[in-house]
Amino acid sequence: MSTGNMNLTLKVWRQKNNKAKGNLVDYKMSEISPDMSFLEMFDVLNEQLINKGEEPIVFDHDCREGICGACSMYINGRPHGPKEGITTCQLHMRSFQDGDTIVVEPWRAKAFPVIKDLAVDRTAFDRIIAAGGFISVNTGNAQDANALPIPKFQADSAFEAAACIGCGACVATCKNASAMLFTSAKISQLAQLPQGQPERYRRVQSMVAQMDAEGFGNCTNTGACEAECPKGISLENIARMNRDFYSAKFVSEEEV
Amino acid sequence: MNANIPEGELTGKWTKLRSSMPLVNPANKRSIEIIIVGSGLAGASAASTLAEMGYKVKCFCFQDSPRRAHSIAAQGGINAAKNYQNDGDSVYRLFYDTIKGGDYRAREANVHRLAEVSANIIDQCVAQGVPLAREYGGLLDNRSFGGTQVQRTFYAAGQTGQQLLLGAYSALERQIGMGKVEMFTRHEMLEVVVIEGKARGIIARNLITGELERHFGHAVLLGTGGYGNVFYLSTNAMGSNVTAAWKAHKKGAYFGNPCFTQIHPTCIPVSGDHQSKLTLMSESLRNDGRIWVPKKKDDQRKATDIPEEERDYYLERRYPAFGNLVPRDVASRAAKERCDAGYGVGQSKLAVYLDFTANTERYGRIEATKHNIHNPDRETCMRLGRDVIKEKYGNLFDMYKQITGEDPYELPMRIYPAVHYTMGGLWVDYNLMTTVPGLYALGEANFSDHGANRLGASALMQGLADGYFVIPYTIGAYLSKELATKPIPLDHPAFVEAEASVRGILEHFLSVKGTKSVDFFHKRLGKIMWEKCGMARNAEGLTSAIAEIQALRKEFWQDVRVPGEMNEFNPELEKAGRVADFIELGELMCMDALQRNESCGGHFREEYQTEEGEALRDDENYAFVSAWEYKDDVKFELHKEQLKFENIKIAQRSYK
Amino acid sequence: MASFGNAFSSSIGKKLIMGITGLFLILFLIVHCFINALIFVNDGGLTFNIGAHFMATNWLIRASEVILMVGLLLHIIQGLRLTFQNQAARPEKYAVYDGKANSKWYSRSMGLLGTLLLIFLIVHLSNFWVVSRFTGIPTEDANGHEDLFAVMKETFQNVWLVVLYVLAMGSLLYHLLHGFASAFQTLGWNHKKYTPLIKAIGVWYSIIIAVVFAAMPIAMYAGFIN
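Residue numbers (this note's numbering), protein chains in the order written: chain Y, 3 to 258; chain X, 187 to 842; chain R, 2 to 227.
For reference, chain Y alone in the conformation it holds in the complex (with noise of 0.2 Å):
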């Protein structure tokens, strides 16, 4: 191991499985590099507890550069820790100081019931996802892409939109679990591009109706999802999101 020269305190949730009851555990670390980043933290950790027969912690974790949206640590009261615009992976160990006291828990909310120790189902997502976030067209249906010339202004805000990972660092932050960020990004990236409009009312209203149905909280507009996303998805999305769901409610007649 390289070693650096910080040491820390970590209190870490440990729970069995779904049905267990959980608690935080301390554990001691030494010789911390600053280079490290907090995941490579936890490998250290876990190589010491294998080591000493203990069970390692587990942490859902993949690409470890921020994009696959696999990471997911509550660190000292935070979603990814500190740091804004970045993911656990992305966070290093020089963003904290010698002798930090780091308590960790997994995202909370009754939509993401805790797998084991800080891994957490998040495939909630994946259903508001399947009930509509989708543009139908079946492969060998499409027109040459440049048919369609798209405003780089309204092309560019749909990409904002759709830089989304999934992570639920949204969720996991709003002080009522709602999942408004999450869904609102993806209905606003489609609505934005004209390949969505067919869709675009019958969209909303399932999308919504499955993201309610899954047991998120409503949105107060505290801001807090916004502030706290790694990829800075703007709250002008839930604001476009819900002026789609008032149309699809109370304009068109088309009823879902």
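These are calculated hints, taken from the structure and not from any lab test.
Some hints here could point you the wrong way.
[Said to hold, decoys possible] With a Cα cut of at most 25 Å, we get these calculated DSS-like pairs of lysine-lysine: (1) K85/Y to K101/R; (2) K194/R to K154/Y; (3) K587/X to K576/X; (4) K94/R to K177/Y; (5) K535/X to K587/X; (6) K23/Y to K94/R; (7) K105/R to K85/Y; (8) K587/X to K85/Y; (9) K667/X to K366/X; (10) K202/X to K215/X; (11) K576/X to K85/Y; (12) K177/Y to K200/R; (13) K94/R to K21/Y; (14) K105/R to K177/Y; (15) K193/R to K576/X; (16) K699/X to K54/Y; (17) K556/X to K154/Y; (18) K94/R to K112/Y; (19) K101/R to K177/Y; (20) K101/R to K13/Y; (21) K54/Y to K709/X; (22) K94/R to K85/Y; (23) K54/Y to K740/X; (24) K15/R to K112/Y; (25) K112/Y to K101/R; (26) K576/X to K154/Y; (27) K18/Y to K94/R; (28) K54/Y to K702/X; (29) K18/Y to K699/X; (30) K18/Y to K702/X; (31) K30/Y to K702/X; (32) K15/R to K177/Y; (33) K268/X to K154/Y; (34) K94/R to K13/Y; (35) K154/Y to K193/R.
[Claimed, not checked] Beta-carbon label-pair distances, calculated as ranges: (36) I120/R to K23/Y: 36 to 44 Å; (37) N140/Y to G690/X: 37 to 45 Å; (38) T11/Y to C34/R: 49 to 57 Å; (39) T11/Y to V160/R: 47 to 55 Å; (40) K23/Y to F9/R: 37 to 45 Å.
Computed from a predicted structure; not experimentally measured.
Just so it is clear, CB atoms sit at the ideal spot from N, CA and C, and this is done for glycine as well.
With chain Y held as given, fit chains X and R onto it using these hints.
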């Protein structure tokens, strides 16, 4: 080896085959079940398309959502022969560039098909709402990538893979919502079930409950990605693994060109032993970044203090025609050559500079003109140019700063090559079928299109081509003969036996109770592979690597420590199975590298190089695909598929 | 026949009700504040009583009062329901929750602020509304109008009531600081060009309303107004 390449003119092969392929009528499709393992670009696009066509599809991924497949991490772009830039691009040119880029070790017919369908991919993705970058006129924008002289790369900032995958994912979720695809997340395939010589299903482990499940399918498709993690440190995701492909290999699927590994030239250098993965800096950066090292050995000065005339822009010097945009293998080797010669920079001396100053200034000058500033000073140019650079690469610069703690707007980036992609994979015929009937491999999991080196922005193209446009047609040839096959009951002896063997292996890992963690062995394997089967290889090193890996394998099976239990969520147990397979694969990679007595693409044998240090191919003796057959007890037998070049004149690859 | 489906019962629908009733209450507060501010004319309440008389007798105002009451009730009931539902969406709480890192405390405390306002409202309504509508105002002013001003003056001789009113206006200030812009966001009125303006107006509105209202009991208790 019969690759089942259709007869006729190269340009007409695919069209003809497509129109003459046997079809399965809609009523029959409903009773045919297809298993797809993997939900990345290849897996998700195949699953959604086959479900749209009416087949019953089961899709498996080990991640918690299909959206997290590693295709998501691809940054730079996707190639397509659209010729939107009117710069002389064509299907033929994309085909030619890919064959040449692959150092003449790919199949002509496959690559031509890839070039043909490339344009359809862009159309399909745009129709799905993938927000690719556009110009002010509303039309799609392109950029250039290594190994080409046209602009044919479509992109979505530095997140092209993400956007394309989310497109395929949404198509997949649509089918899941309609009940036409049954999705199994957090499931890992651990065995292929072969009955009477045909792939008939899989054994998968539910990673949460730990239960082993049996699944029947008329055909099994693997879109399980590459095996770069055999090197432990790579740009691949932590979970990326070879297990599915390796289990298929052990059940009779030949493994093609295992030693063809792509080392990507622009990655953030290793900073310490704690490192768990390497981060890629998109190849698109080479559009505007100039690569250099100091002319003086062991120069301690800060990069910005080294004057222009004391810098060696070695790519521009060695390859004036392509400059910084030479293909990846060439750029990687050149960086290694400079560092080995003692010109490396940074603390480890294993890094070169990627410098944006010149182009920042150039962009600044253009901006100044736009703003009617005449004769701007350098500072103004840099300030204005910085905004342009930020717009183009902002997220990559931020990522670099986050990881290294250095500001790339102030100092040039330090980069070094890292394992990125594996051109090798399961051997497949023109129909993407492996040597096991009914078992297919798609995307990076197969070996088919990139030869010995893949060009940038071609992986996304291949994954989606295979899934959206190739397999939906070619699978008909097999399935049309399977209409009479009824679903095989899951208590068939082959299923029982397969499950028992999987259980046996997992129970073994848990029972060893050794002294070393799985990662310990993985790191050791990675070190052997990187040192002896990495960017440069030689017979002596490979021979010793084989012996070391064999010893490591023995030690692993006797001394690994896997905590926890079988019937629970146990990531260490998952890793143990994957590393066991990596160790066996590592040995095969070294064997393959050892038998290929030539240098080509990503495979550089030090014994075979020109006087200028360029790769020296041996077309007379090695113009073949090595297809390895697994024999019992980790023994392998080599088969050869001779490559015929009828449309391209095979030549020494030159980017000078 | 097509129906509105879950237009109001969905999460967005519930918020829509909060937003619309909230904006209605915001409008009401402007009127209420303006009329009450007539006490600052300092003419012994004559002008104020004219305003109060108008409010009490104009049929349009009386009709809107019914809507106001319904709106207020909806706002309260829906607010409480939302609060409980949102609590239920996270059954297991965090051990450490650093809310201040990403949002304003008052935006996270609308339920609490609203409840404080509800308690205040009960006192407030029993002080004035019940008197003017039901039990009757005992005296008349020089113009022959019911002397609501006198009731006010008498009420605000009680120092505890003055303190309660001032504190309640503090709650109102923060409730509005979040509520004003939030209502626009909920209604989907978010626009790169106008949203900053809406937010600025919201801040000024909240401050002015709360300060002017709070000034009334203070001024009366201190005897600045006779």
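Now the hints, each set against the structure:
| no. | hint | in the structure |
| --- | --- | --- |
| 1 | K85/Y to K101/R | holds, 14 Å |
| 2 | K194/R to K154/Y | holds, 19 Å |
| 3 | K587/X to K576/X | holds, 13 Å |
| 4 | K94/R to K177/Y | holds, 10 Å |
| 5 | K535/X to K587/X | holds, 19 Å |
| 6 | K23/Y to K94/R | holds, 13 Å |
| 7 | K105/R to K85/Y | holds, 18 Å |
| 8 | K587/X to K85/Y | holds, 13 Å |
| 9 | K667/X to K366/X | holds, 22 Å |
| 10 | K202/X to K215/X | holds, 23 Å |
| 11 | K576/X to K85/Y | holds, 20 Å |
| 12 | K177/Y to K200/R | holds, 22 Å |
| 13 | K94/R to K21/Y | holds, 16 Å |
| 14 | K105/R to K177/Y | holds, 12 Å |
| 15 | K193/R to K576/X | holds, 22 Å |
| 16 | K699/X to K54/Y | holds, 12 Å |
| 17 | K556/X to K154/Y | holds, 19 Å |
| 18 | K94/R to K112/Y | holds, 10 Å |
| 19 | K101/R to K177/Y | holds, 11 Å |
| 20 | K101/R to K13/Y | holds, 21 Å |
| 21 | K54/Y to K709/X | holds, 20 Å |
| 22 | K94/R to K85/Y | holds, 22 Å |
| 23 | K54/Y to K740/X | holds, 23 Å |
| 24 | K15/R to K112/Y | holds, 20 Å |
| 25 | K112/Y to K101/R | holds, 23 Å |
| 26 | K576/X to K154/Y | holds, 17 Å |
| 27 | K18/Y to K94/R | holds, 18 Å |
| 28 | K54/Y to K702/X | holds, 11 Å |
| 29 | K18/Y to K699/X | holds, 21 Å |
| 30 | K18/Y to K702/X | holds, 24 Å |
| 31 | K30/Y to K702/X | holds, 22 Å |
| 32 | K15/R to K177/Y | holds, 17 Å |
| 33 | K268/X to K154/Y | holds, 20 Å |
| 34 | K94/R to K13/Y | holds, 16 Å |
| 35 | K154/Y to K193/R | holds, 17 Å |
| 36 | I120/R to K23/Y: 36 to 44 Å | holds, 37 Å |
| 37 | N140/Y to G690/X: 37 to 45 Å | holds, 43 Å |
| 38 | T11/Y to C34/R: 49 to 57 Å | holds, 53 Å |
| 39 | T11/Y to V160/R: 47 to 55 Å | holds, 51 Å |
| 40 | K23/Y to F9/R: 37 to 45 Å | holds, 38 Å |
The earlier numbered hints are all upheld by this structure, with none contradicted.
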